[in-house]
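Enquirer: This is what each chain is made of:
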Amino acid sequence: MKKLVSLLVISLLLFSLCVACTPAEAPEAKEEATKESAESKSAEPVELTIAIWGNEDRQATFEELFTAFEEQNNCSVTVNLVAYADYATKLATQLAAGNAPDVVWLADGMEAQFMQSGNLLDIASYVVDDADYAFEDLYPSAMAAISDGDAVYGIPFSFGPRVIYCNNTLFKEAGVKTPAEYVAEGNWTYETMYDLASQMTDLDNGKYGLKLWDTSSVSNYVYAFYDLILAYGADYFNTDTSKFTLNTPEGIAAIQAIHDLIYKDESHLKPGDATEFTAGTIAMARSTFSYAKTIKGADLDFEWEMVSEPKGPDADASVITGFAYYSANADSDNPELAAEMIKFMTNAEMMTSVVGTFVAPRGSVLNSTEFLQQADGIPTEENILEAFVGVIEERGLRSYPAHKNFSLVQDQVTMDFDNWFAGIYKSAEETVAAMETNVNALLAE
Amino acid sequence: MKRKDNSLNKDSKWGYYFISPMFIGFIIISLLPVLATFVIGMTDWSLLNSDINFLGFGNFTKLFTDKLFYQVARNSLYFTVLLIPSNLVICLALAALLKNNFKGVGFFRTAIFTPVVTTVVVWGILWKYIFQTDNGLINTILGMINIAGPQWLYNAKLAIPVAVFVTLIKGLGLNMVLFISAMKDVPEVYYEAARIDGASKLRQFFSITLPCIAPSVFLVTIITVIGSLKVFAQIDTLTAGGPGTSSFVFVYYIYQQAFKYYKFGYASAISVVLFIIIVILTLVQWKMRKRWVYHEN
Chain A
1307 MKKLVSLLVI
1317 SLLLFSLCVA
1327 CTPAEAPEAK
1337 EEATKESAES
1347 KSAEPVELTI
1357 AIWGNEDRQA
1367 TFEELFTAFE
1377 EQNNCSVTVN
1387 LVAYADYATK
1397 LATQLAAGNA
1407 PDVVWLADGM
1417 EAQFMQSGNL
1427 LDIASYVVDD
1437 ADYAFEDLYP
1447 SAMAAISDGD
1457 AVYGIPFSFG
1467 PRVIYCNNTL
1477 FKEAGVKTPA
1487 EYVAEGNWTY
1497 ETMYDLASQM
1507 TDLDNGKYGL
1517 KLWDTSSVSN
1527 YVYAFYDLIL
1537 AYGADYFNTD
1547 TSKFTLNTPE
1557 GIAAIQAIHD
1567 LIYKDESHLK
1577 PGDATEFTAG
1587 TIAMARSTFS
1597 YAKTIKGADL
1607 DFEWEMVSEP
1617 KGPDADASVI
1627 TGFAYYSANA
1637 DSDNPELAAE
1647 MIKFMTNAEM
1657 MTSVVGTFVA
1667 PRGSVLNSTE
1677 FLQQADGIPT
1687 EENILEAFVG
1697 VIEERGLRSY
1707 PAHKNFSLVQ
1717 DQVTMDFDNW
1727 FAGIYKSAEE
1737 TVAAMETNVN
1747 ALLAE
Chain B
1174 MKRKDNSLNK
1184 DSKWGYYFIS
1194 PMFIGFIIIS
1204 LLPVLATFVI
1214 GMTDWSLLNS
1224 DINFLGFGNF
1234 TKLFTDKLFY
1244 QVARNSLYFT
1254 VLLIPSNLVI
1264 CLALAALLKN
1274 NFKGVGFFRT
1284 AIFTPVVTTV
1294 VVWGILWKYI
1304 FQTDNGLINT
1314 ILGMINIAGP
1324 QWLYNAKLAI
1334 PVAVFVTLIK
1344 GLGLNMVLFI
1354 SAMKDVPEVY
1364 YEAARIDGAS
1374 KLRQFFSITL
1384 PCIAPSVFLV
1394 TIITVIGSLK
1404 VFAQIDTLTA
1414 GGPGTSSFVF
1424 VYYIYQQAFK
1434 YYKFGYASAI
1444 SVVLFIIIVI
1454 LTLVQWKMRK
1464 RWVYHEN
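Chains as they are written, first to last, in this note's numbering: chain A, 1307 to 1751; chain B, 1174 to 1470.
For reference, chain B alone in the conformation it holds in the complex (with noise of 0.2 Å):
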């Protein structure tokens, strides 16, 4: 018994030197900066001033009374609402449709998927250019059936829904390609089961699939929450936080307030109110899973 453990210690031991480059690598790359971040949210250091001084909570009690910060939280949180339940209802919409071979099935999975490998750059550029009042391609055809189209990213009521329908579309293939890969490893014989009590596809998909898909659609949801929180390259290519401030998200403020006006200071103490936002949200999701999760193993 005692040799067991001598061996469990040596091989254990043997593991945590195999895994120590990576957890260096991740204390030095991950680890330290979002300390750093803390401690940097505390001074009210500039990028072009080297002089430093510490103000404690001083930039977190000035987010308070940021009118800007709250319609920035409210924005990203409006992002968020409007991105999850599409995202799933339209993804798991597509998966069922494409999970079954037939013929062409191959061109329509890789037509969606093809945005995901596009960079997001790119495909807010390409998207303004659509969306561009006077001369853009949805305006355009409106035009052709004489309906003048609105300034689609120059009203504030349309800037985040277009945005939200870009991230979308972007971000439908690799969600798709998750749940496909789920529903083929639902057993068979659980719908031949419901076929013989006459079950609908409906009610097979309400009933069968999508508590068997659950641990996916769990991940797709948390990978999808994090991420509207924490997107930017679409707002700055598409709105530019615009009009006015009305498309104004967490990461937009910050890489204003860090990168163009440098306060690092109240940049940081930002970034770490996000990092609590979306740790508090992951946790709560975390642990509402037991209620909606049936089939994990």
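Excised from the complex, chain A in its bound form (with noise of 0.2 Å):
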């Protein structure tokens, strides 16, 4: 009886380690089915499965979006939120793994990794020459990076410059004329805004004049000081990404204004500061135009607009813009569907009705009602124009840079001026000396 007990019960445990252990389909079975499903697939929804990044409110909105698209398509969607932080490395996780989702959300980047690694869908076939998505109203070069040639391997749906928020309470109860003033006067440049800044600083009561950066964690400073950098008449990079330029009297100059704000002047924000411009103690915030949504829900008691990014001694400089895409897993089992779902979520009605979240790089949707007449009327329309459209028609945009280890590149420099801001590499000529040989070193690989 002990023995018949004692092998009954090896054999659960067996057998359960078995059934742990088998793969959850072999090819056949997956294959069969995939027929099976073909079969059956007017009674049975599909289930999509779509990877976001923000919070549990934007994913309850998507859910809510997709509502339409799951009856028109008899399928059902799954909106997983992914953290932005771990979001490429789940992704690239889940893609070597095959179990990524149908449909992707990418930016700063990723999409060139993805491309060269065969990861993305070709949508061209279903968006470019269907009249009713409107591929042409989409610009031109925001398909620059997301594209090779005629294939097109996702849809841009969030573009455009950083603004400057102002609280225009603290400049009122300082007694100080505000950002929106100068540009009013034609005087919105670097060393007005650094100024301001300074003003606006009193440290004793917490108070600090600019935030350029999200300064609570380490961050990408390629994009965070790009904007300045172009400002300056300086650049990061060359045209085709192959060499670092930034070591020249321009650039030398925008990073020490960047260093002079934090350490000589104290009206920056400290890296490792987690002060949010919501606190009501930050003068002026840079941000994207979306961060306006965030502010309007934050139920804040001081009075805030936003101005434009200010000019520099290159006052023709264009700023930089990165873009957010969707796009389709190329081994994803429903692809067509994939590819009709990024055409609902990216074509002009859905992207004007998702305005007030993320302004689309399409003409219809820059033109709008809906995004230049927001709701309470806040941002107001002559601060949309003169922050955002304004500065893409007059200044232009500059696609974020792309390379095969730009990831590296980010990293190089980002710990290069950390390096500096923690007083090991002593001057600003230091720096970017530092930077042309470590980040040549990689853009040469």
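Mimicking DSSO-like on lysine-lysine, the simulated pairs with C-alpha atoms at most 30 Å apart in a straight line are:
hint: 1; chain 1: A; residue 1: Lys1710; chain 2: B; residue 2: Lys1240
hint: 2; chain 1: A; residue 1: Lys1513; chain 2: A; residue 2: Lys1570
hint: 3; chain 1: A; residue 1: Lys1396; chain 2: B; residue 2: Lys1235
It is worth saying that the hints were derived from the structure and are not from the lab.
Since we're looking at a predicted model, the values are computed, not measured.
Dock the two chains into a complex; use the hints.
Expert: This is the structure in structure tokens:
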């Protein structure tokens, strides 16, 4: 009896182990299942997944947006929320494991990596010639980084210049002219902004003049400082991103200005400081246009408005823009439906309806009433035209550079800036010289 | 006699049957991945590229020319050297203080043990706010007495000591409990004899307590050495390896190579080196235990 019970227990344990270690579906079984699935397509809803970053509110919003798509296509859409910091890593791991979502969001250089590795589906045949979709309404410059010849690997849904958010209550209390007044006078320059930041700083009361980037964690300093560097007539890289070009008098002046803001004037938050603009203690903070939605949702007790990024010594300098894209997984079980989902989410009508959150690079969206006349009239139409549309039209946008080693390059630049901020490098000259050596080695690989 | 042998074999057989699920699980979950790491370390496998080439010892020889790897090794060693003695001394002192039952001892034991059950990431983020330069708790307190606090987490000389401090506070409770438990097992008669001989409390600690709890000290040392060489979450949340590369340690470097740059081959090679270092250090300590562990069953 004892023996029998022991044998049964061992058999059960071994069986459990075997079941646990058996692949979810053998390839043949999967093929068979796909066939069966195709046959019963009309009866059983197909399951699609999409990965996004953001917060639970955004997830809920998107789940609601997909309702119409689910009804039209007899499918069910699962929205996977992933923290932005882990997004690229998680996606790469899922792609390697073969269990990535059907549709994904991509941003900040991710598109180059995933395009080169062949992980993205070419959706040109779905979007380019569809008259209803109005592919030509998308800015060609916005499609450059996500296309390769005739192939289209994604559709941008968010872009644009960053804007400066101003706490006008703080300016009024201090009796200092607001940035908007300088804009109206035509004197809105980086020098003016530094001067205002200095005037508005009161460290004893925890008040800061300026916050140009998210200081709470290690940021991508290439992106954080790019506009300022361009405004000084300098650039990180040459046109084909094959050489580091910041080691010039203009480049040194630009990064010296950043250092002075933090450590000489002490008007900028120091690295590691997690204070947010919504706390009401920062006079000016630069962020994306969509940050306005966060500010509006925070129920603030101060007045704010947005102005454009200031001009620097090179008044004609363009500003940098990142793009966020919808792309389809090349290994999706439902490529057609994945492409349809992208079309559904990026058509002019849909992009206009979500313009309070994402501004798509479509001419029709930027000219829409929904974009220019936001809910509650905040930001005002004048604000939007000056800070966003005006900058695109007058100064022009530059795409964020791409290179197969760009994540390494970004980290190297960030580490070298970090070394300067921590006092390991002693000067702007030493910092750019170190960057030049380190970055050129990575670009040449 | 023959019957007894058969019985033993029978028992052994059933013993093996019963441990087989655990053993198979160990092979699948631990041993095979370790072996796979050795193999992957000899390739140029990138997570985003299915084209894999065999490099032999290419990744390992590359390590010798990687300046950052040397810094990573130095940083990890520095972290370990700072953590081990401070951890042992403070935990022993706390255990000696809190082993006796006095009013309120439960509160102190609980307070010191609480960080152990806190998630390491939450713990790291919490201390990141505390060590913030301008608005952090510590510098705000220092500011009240007119002391300008440093950039704790953005200072190359302070980044690792701060990470050690945060790790130390988190792990104190567990080691303290191990020591208290060991101290309570020391027979009271030893202390009685020592008191009769006129030995002071300090003498009793060094001549009776410490030798008697040597196996626990040895265990804590081994665990702390391995833990400090594998430290990751505290570094990731507090400094992200910075400023610059001044707090890059082994596992952070492995994580960065594998999951940020997708260089699984190179990351695996570093993992193999870390594995060998840990094995060597553990073997050395194991050998040395005969010299300093007097009281062992």
